[in-house]
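Take a look at the letters that make up each chain.
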Amino acid sequence: MTTPPADTVADTAPAAGPAALELADVRKVYGAGDTEIVAVDHATLRVGDGEIVALLGPSGSGKTTLLSIAGGLLSATQGRVVVGGEDITGHSAAELTDFRRSKVGFVFQSVNLVPFLTAEENLLVVSELSGARGGARKQAKARAKELLGELGLAHRAGNLPAQLSGGERQRVAIGRALFNGPALVLFDEPTSALDTKIGEQVMELIQAEMRSRHTAAVIVTHDTRMTHYADRTVRIVDGVLGAEPVEGDLAAH
Amino acid sequence: MYLALKEMRRARVRFGLLAGAVGLLVYLILFQQAISTGLIDQFIGALKNQSADVLVYNAQARRNLEGSIVLPEQSAAIAEVEGVAVAAPLGEGTFTVVAGDPDADEQDAVIFGYQLGGPGEPTTLTAGRLPERTGEAVASSRNAADGFDVGDTVTVVPNAGGTATSFTVVGLAEEINYSVAPTLFTDFVGYDAARRAVNPDATDVLPSVVAVHVAEGADPAEVAEAITAAVDGTEALTRQQAVDESPGVSAVRQSFSVILLLFYLVAPLVTGLFFLIVTFQKAGALTLLRAIGAPAGLLVRSLVVQVAAVVVSGAAVAVGLFWLTTRTVIGSISVPFDLGAIGFTVGLVLVLALVTSLAAIRRVLRIEPIAATTGAGVHL
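The listed protein sequences derive, respectively, from chains P and X.
Following my numbering, the numbering of the first sequence begins with 46 at its first residue and continues without gaps.
Following my numbering, the numbering of the second sequence begins with 291 at its first residue and continues without gaps.
Don't read these hints as lab results, they were simulated from the structure.
What you are looking at is a predicted structure, and each value in this text was computed from that prediction instead of being measured.
Cβ coordinates follow ideal geometry from the N, Cα and C atoms, glycine included.
Do not rely on the hints blindly, as some may be mistaken.
Unchecked claim - Cβ-Cβ distance ranges computed for the label pairs, FRET-style: (1) P:K186 x X:S545: 27 to 33 Å; (2) P:S210 x X:V548: 52 to 58 Å; (3) P:A69 x X:L648: 41 to 47 Å; (4) X:R617 x P:G211: 38 to 44 Å; (5) P:S175 x X:V602: 26 to 32 Å; (6) X:M291 x P:S147: 17 to 23 Å; (7) X:L614 x P:G179: 26 to 32 Å; (8) X:R617 x P:Q184: 48 to 54 Å; (9) X:L614 x P:R178: 39 to 45 Å; (10) X:L648 x P:G130: 37 to 43 Å; (11) X:G587 x P:G130: 25 to 31 Å; (12) P:S210 x X:T664: 21 to 27 Å.
With the hints as extra help, turn the sequences into a complete structure.
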């Protein structure tokens, strides 16, 4: 095992305090021997409660892999992962499924909504997956309406995803990610499918929603124009977490 | 359940069309089965719905009632076999008759002659009563409108030198046709008279078979074996064997079985293929659901609920159509509404549909939540 570069750890560790996410010396390796590919190499990252971190890197740099490990979509080959105080390092597939349902929120790059559910139902599906019945179901419905109202989508509650614009779909996805009151929301290129103006609106919304709920977020992006919405930017190149890049640093990629 | 029902609600046309297709296929299965049963009943209902436990044929007749004659010494020997409680003659023949209106056209009818109160009497009486004396008969209810209703007179048209003999219909019984012809059950004396009407020179009228009631507690199959072994030149069959092994019946059954087998394969395959296609089509949504914490088992249960809902809806359509069909008579064949057969068919189609949906279930189980980050969906 190699020791990670000292500056990687230093630059990716925020001030002390309660942590929404702690990655300690995380590695993700695919294959073995000559075909071994290191997707994430000795990554250590700490995201404080309510902190918004932009994870910036070019295509194939390992940012989505790191995000997936943080969200329990992938298991790390090595290292420790703690989310909202829950150590998920040794979790089984079933335990990771429960974890994803209850402890984190996701907003993905492409497929984000269930096409046969309305905007409101796409939020409610979170409580349905948790087996909500009776009173809990009523509460969930009220919460879905409230969230959609906050996201400016009250009038779109009964619309199917196909009837929504790209920006509206991402807003619904944000609502779904926040629905279970997670400690951490993970955004994977949330603006890549949107034009600049709508992308900025979505980022403003993400920032406002995270701030108002004091919810931590990790936003994966390769667009430096979006990093100023974050409290901190962490760069990843070839699976190695590094220092915050300077403006235009990624243009070369 | 939530996801399954929501999806079906939003894709009513797609699921409705599938349910309709399954319904039509199930209807065809029910219809074919009923036609098969109705057709066979038309051929050998008289054997199926008579009271003898065992029928003893002449061995050379090869289970063909028309070609069987049991000799007096054989009849006597049959009565002596252990396990035989009552052995009585049962005659069968096809005759030209005038039924109902004396001016009506001549038609063919089958007449069975049995010993009144003995084995061989019809068991499915639906109107009137059984014959109590010579000259009375029970007729097949299907032919009531053709001059065989209660109160009608059926006259056997004699050949030259013969004397016409008539029967008054005193009762009707269901599914007692033989060889798809109007059928009468009368006493053996009346049958003897009918035989002599068309063959005035006959010396003795012998029974076609001997009808047997077995002793209480005796097994008809064992008694039949004992008779065949004990009485030379005879072959004894239980009632069910006599039905199943009648010439032509097994061939008809086999032909229908092949057709039914195809339908039983096609209906579930259509369902299974549909759900496989749908699973591929919504791979992205399923992957997303897995990524946000839906257990694979829940998605499988949703799929199973949808398969069951489609088959049950289709079956409801099929049963409705089939019920309408049973209200009519197709040609000379009536289609029975048999709840047991319907339940069996629907149950079997449901089980087979679930089996053929295993491919779709397997696809669901293979979904990797990580694919949500790439939008790749299900791995093929």
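* To do: Give me the numbers of the hints this structure contradicts, sorted from smallest to largest.
  => Per hint list: 1, 4 and 7 violated.
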